[in-house]
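Chain by chain, the residues run as shown.
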Amino acid sequence: MPEDRIYEDLTIVRRRANVVFWILAALVFFALAFYWKIQILEHQKYAGMAEANRIRMRVLAAPRGLIRDRKGVILADNRASFKVSLIRENIKDQAASYAAITRLLGIDEPTLRSRIDLHKDLQLFEPIVIVDGLGPDDVAPIESRRLEFPELVVETEPQRYYPQGTLAAHVLGYLQEQTPEEIRARPERKIRVGEMVGKTGVERQYDDILRGEDGAVYEVVDSLGRVQGEKAHSNPIQGQDVLLTIDQRLQAEAEKALEGREGVIIALDAGTGGILALASSPTYDPNRFITRFTPDEWRLLMNDALSPLENRAIRGLYAPGSIFKLVMSLGGLGFGFVTPETSVYCSGSTEIYGAVRHCWFAPGHGSMDLANAIKNSCNIYFYTLGRRMGIEKIAEAASLLGLGKATGVDLIGEKEGLVPSEEWKMKTLKTPWYPGETISVAIGQGQLQVTPLQIAAMTALIARRGAPAHPHLLKDAVAPGPADPAAPQPFNKTTFEAIIAGMWKSVNDGGTGQGARVADFDVCGKTGSTQTMSRESAARLAQAGRETKTHSWFSGFAPRDGSRIVVTVLVEFGGGGGATAAPVAGRIFEMFRQELQEK
Amino acid sequence: MMIDRRLIQEIDWILLGLILLQSLVGVVFIYSSSHVLPGAYHVRQLIWIGISLLVLILVLVIDYKFFVSLSVYFYGLMVVLLAATLGFARLVAGTKSWITLGLMQLQPSELAKIVMILIFARFFAEYKRPYLTTRVTLWALLVAGVPLLLIIAQPDLGTAMTFVAVIGGAFILAGLRRKAIVLFVLAALLVGVGGWTIALKDYQKKRVTTLINPAGDPRGSGYQVIQSKIAIGSGGFAGKGFLKGSQSQLRFLPARHTDFIFSVIGEETGFIGVFIVIVLYFALLARMFLSVNKARDRAGIYIIFTASLLIAFQFLVNILMIIGLFPVVGITLPFLSYGGSSLLASYVACGLVLNVKMRRFANV
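Same order as they appear, the protein sequences are chains A and B. Each residue of the first sequence is one higher than the one before, counting from 1478 in this note's numbering. Each residue of the second sequence is one higher than the one before, counting from 2 in this note's numbering.
Chain B with its partners taken away, still in its complex shape (with noise of 0.2 Å):
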């Protein structure tokens, strides 16, 4: 499938640009959060970019409604993968660390939250009534409710949060009633305090203690976002300077290059760091969110928002995660964090998103 001269025209370039200026201010600051261990990573994730970029214009010379066509064996797949994962990390989870496990499923959930967009955009491109039914909602559930139980179970609470706010976006999109939204509220709150004392673990537990006291536990859980509140505070409004941000500097800060990375930026740039960052990020998903208005169909609008959720959800989650207004639930700042597989998943949602905008006109 040629690309017609045309659609490069309609490519949205103010958009992959936003995109690319998040990325290479990521590489930036991974580079100064660990340039004193070995691996180079800021290298590892100009490659990565390198690779997801690729990924992204493949992503583009493909009409989005084919992919919304094949979404059904993705989701067989992705099922099948989910699965899979489970029972192999079962067998792993006593020998391997957790870093290594942690890839071997960031894999194939990161893989799902793409998989979840374009199974949505399928499932409610002909659903023209103004509200859900009590018939479909349920369908949808199950839909949705059976890679996000795999999910819970490995046990990954950030992807599977992730998911929760791509499928209610989904939900949202295709009209709730009240009386709907408050029997969800129910069923989460019974679901919240029967996960607590049935399900949770003690770490997980310890998370969201730390969130509501912090300082209960200085050494522990709660030591990750006191030194990241120290670190953002501190860096004050112009910051400590490129390199010279004595918490990241010095190793107080946990998961540095990855989850933490924009205490990184506040502690070395300050609040105009942070601002020009969320600034900028803001105008990204703005641009996004707004292209709903230029989706030609309603597979199309389904794709742009949850795609554009998929980013804000995480990037919202990310800042407040680490100035303790959210638990710490391992949820990386797309584009900014250290991550190949959690890079390419979202390179792949904004190239659905560009894919949508640029085919616009009908008969093209």
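Chain A on its own, in the form it takes in the complex (with noise of 0.2 Å):
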């Protein structure tokens, strides 16, 4: 044939083509009838799978752990409460259960949408929170018309509870929902949707111990949501409690002393650095934000100009003022450029650097030795000292204190201050030092930036004439670095000794921190008033007939040996340290001995 010569034989691959392909089309035959049979056959058993298979995954949240004081007593504590779910599946008329929604629940309607659109991905069937928080009565009305809504679901929740409201706000810190961003970004973390974790303080610092393990319930529920039984269950673990070294009465002893100023109060454990008391005031009640929502009344404490969120024992920043006549003083000593007899004649005022400095007594402190002008706090006994030491100097004997870093507490966002020195100020400001600023910083002023904890681990380690303090709120901690540490150098137990005689001699020997003075308890403690604007300005408003007030430092300890307690108190623009400081202070020297001798 003429074809086979233009087309070749193809007929074996033809032929076996078509073998493969009808054996695929007995593959689809066969596939077809096991469709048959799933479809027709055994579509009852299907129907009814389908119908049931419904698994809800319901959380069983875990309790925080509790937050307990020194003696036990219970800061942060569980309360059952309410929550009401939405069911999106089983919404019959949409406008109208909404507005139900709002007139039963009193939520206004955008939140509500909101709140829906945030878990729009969820399953249709699956609750999503509209609201937490309730008590009993909050929800009587929904449950007693349960067949009404059958999209409504209420279920109780353990809901944090502080029971002493206000107390220690800013040591407990608070709970926020986190972002689905924050959950995301830590996964191992393994935090719920809608889970309130730490955000601040203790709450945030120890947050991993404090919170369980959740626990789940698989319901298998029906078409209109209705549980039908249980595939599987685990229980919710509690997490651990957490034991602080803060004492409740003193805290409140100390919240109640700084009622209505704003301020700080700490108090520390000499012998250990626990954290006994701190206050920060303005302060907050921790129990308003324990909800997924956010309140008016968040926003009006976030943009409140008092800032009563800020810890301001840890993130406030101050000058130090006449404290710092303690860094000074050490200093002077330590590097040898004066000792304890070492005496300066204070008339009132003096001249350095071509500019007249006046003492803060205008008549003068006349001969003062080292514990005299600690306790008188003279201005001119400590710019001849700035003079000598020179910033350099001073700006070491600063770092050894401590002075210009954190402390480390274990609380989260505490700052640094600043301690200024040639290198700082060429670095940052680009310019030189001159050598006026010197002896505004050796009184505490000039740059200088500290926060009161920072004052208050120095005056512990005054206290413990030269081992550092580690101030701290977990009461087990242990303790880092060794057990008793010694002084850093160039300091002794003399040096020491030689301060704290001029501490002792301020509160007991008519000084400027009498006010702090508490029978047989041998206070010994410095005083510092700072200024918040130029004398030059304060002069102006003066004239104007406007009152201009300092901030008010005490920072002192008790008793003169074998102290027991530290106490450092701010209160912002308080006038003379002396004058309001240290009386403060003073209430909780008093307190503390107290609850010794009732021991």
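Keep in mind that the hints are not guaranteed to be accurate.
[Claimed, not checked] Computed footprint of chain B on chain A; a stretch qualifies when at least three of its residues, placed anywhere within it, have a C-beta under 8 Å from a C-beta of chain B:
{"#": "1", "region": "1488 to 1495"}
{"#": "2", "region": "1499 to 1507"}
[Claimed, not checked] Some chain A residues flagged as far from chain B (calculated, every beta-carbon gap over 10 Å):
{"#": "3", "residue": "Q1516"}
{"#": "4", "residue": "D1570"}
{"#": "5", "residue": "A1577"}
{"#": "6", "residue": "R1623"}
{"#": "7", "residue": "A1662"}
{"#": "8", "residue": "R1942"}
What the hints contain is simulated information worked out from the structure, not anything from laboratory work. Computed from a predicted model, the values in this text were never measured in an experiment. Here a beta-carbon is modelled for each residue, glycine too, at the ideal position from N, C-alpha and C.
Each of the two chains sits in its own frame; use the hints to bring them together as a complex.
The structure is reproduced here in structure tokens:
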């Protein structure tokens, strides 16, 4: 055939292709038969499974661990609260349903809609929390109309509760719902959507200890969301308790002493560095924020000019004022610029670097040795010492005493403060250091910035004759470093005794700190009043008849030997340290002394 | 190269119509299964159908012999691309989710399927013996093995399996002796056992064990198969109605607009719908396969056969997989499942078949 010459013989290949096709055809027929089996013969079985096939997982939230003070008093507890969830699948008439919800639960519709929008990716039969933190009375109207609202589910959950209200709010911190982004960023923490986790304070610092392990129930629900049975169940495990060094009574007293003022009171256990009380005023009630919803109150607090949410003890930056004279004294003695006997004559003013500088006591203190200079907080003495030391040695002493760096307390967000030096100024301000600035720094002004906790830690170091104290809140915390660390060079025990002599005089011998005096308790301390504006502006305001007040400091410890407690007080715009802060500190010392006697 | 009038007359319009019909059925059920999700998948699929159709026309314009003659270059390009993807994929594996990664992998490996069709057509075009010799077999294995290993290394089990099917089809066509078949089966077993213990990832192993006992892990990998079977079975004879499938609409079905699109069809249109789609699909496959009898040369037969096998294999595996008769390996249902690159590859494969068929007269 002529065709054969044009077309090669492809019959074998064609035949094979056809065979493979018919094998595939048989497989298609087989598949079709199997679909017949599933869809026609076994239809009833699968139809039933489809109806029952709605496994709903319900989280059993784990209660957080409790937070207690050093004596076991509960500072953060849990209580049962109700939450209401919406199952979108069961909504018959959306407009009517939303209207009823807003009426019954008192939430506005935009809030409701934004809440639902946030979780629109969940399956339709999965509940979305729309209100939480309700009491039994709040949910009663829903419970009584259960049949009317099949889309609403009322459940209980453990909720954080601070039985003492505002007490130790800045220590405890508060909880907040994490955003979906935050949850995704740390998948290993296994935070569930809607879980309240620590945002600040101890709640944040020890969140991993306090958080428990959630349990879960897998429920089979029918098409109306009715529970048909349980598939699996795991019980929640409560988080571990955290025991703090806080003394609830002392804390309450500290907060009471600050009522109506802005400021800080810190009390440290002089032996361990444990924080007995930490009050920052103004404060807030953490109970207000244990909800997934942002109340208006929250926004008010966030925008409050007095920043009640801020923990001033670790985040407030202040000039130390005359408190810094302790640093000057230690540095002056330690580096050998003065001896305890070196005396300087104070006539009320002096001329340094071509400028007249005044002592706070215009008539002048007369001849002052170190202890009396501390007692009277004599500026002239420390101007003179500052000029001798120079800024570098001053900065070195401040640094050795823990200023300009975080204390390492177990609270998040601690600030470091600032100890200026020639190098610092050149680097940040690009200008050389002027000797006149050294004189300002010598009395704790200028660019110096400290946190109240740094001052408390430094005072503890003095009380311990040079052994650094590490302020902390966790009672069982193992103190870092050696148990009885040595004093930082070049300070030694006698240096400290010389300074302590001055601090004792300040309180017990008619010095600036006499307001802190407590009978039979040998309080030693130092006052400070820091200018919050330039002398010129203050003078101008005074002329206008306006009262300008300085920040008021007191920091001290008691008793003089074998000291038990360190108290640091800062009252913003409180006036003179001796007039305002010292008596407040005295209240705390007195309270502590009583507690000691009760034991 | 202008296309002759007679050539246009020779286009298999019925086959083209069936392809478009299946694609449109796909769009309808992609809508049903994804209309609650953001992203308008059905619109995107329509755009992809348009693009694929344009590419198919381009494929028709050029004589398939030209493609075959260029296949060596395509092959080289493909190997480079696969290797590059592998390197790149490794780099991003830690940070990107598998979906994004999947898209990046899919592109070259889908293309590779087409290149394999062409390279085998070229390889066997002049092979006139009734059976494969050892030497040729080894050469063919080498040619197929390089891209296959690169795909396995990705690892993309579904595509690798499709690859093996296409390669096996070409071998069968070229003629395998009984001895060779036994050898291949033994080798496959060896690789299977070895691969199970060494190469298979835990999730892949789980898929195989799930096939044997899907109830063993109802919330895990058995979940997909169980949910899919419930969807299909509860569809019954006439189905629950369009947009009314509780399994599909309540999001019990995973990947329901991609791998599990046929489960949605089964649930919402019942056995009637399943029957119509399967019969129409079978007609499409028959139309493609039986074109081998119209091809004018050996290369044409290889192209038609392997291209048809490519579509047929994916179709069969997919419809068996979703009722639990095959492990869940991530093979889509050509023309129906959502996915641009898969759709494009299927259209190009069909374009090649149409191309061979319309040029069946040697003198055109």
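The hints, checked one at a time:
no., hint, result
1, 1488 to 1495, "holds (count 6)"
2, 1499 to 1507, "holds (count 4)"
3, Q1516, "violated, 4 Å"
4, D1570, "holds, 20 Å"
5, A1577, "holds, 25 Å"
6, R1623, "holds, 23 Å"
7, A1662, "holds, 13 Å"
8, R1942, "holds, 54 Å"
The earlier numbered hint that this structure contradicts is number 3, and it is the only one.
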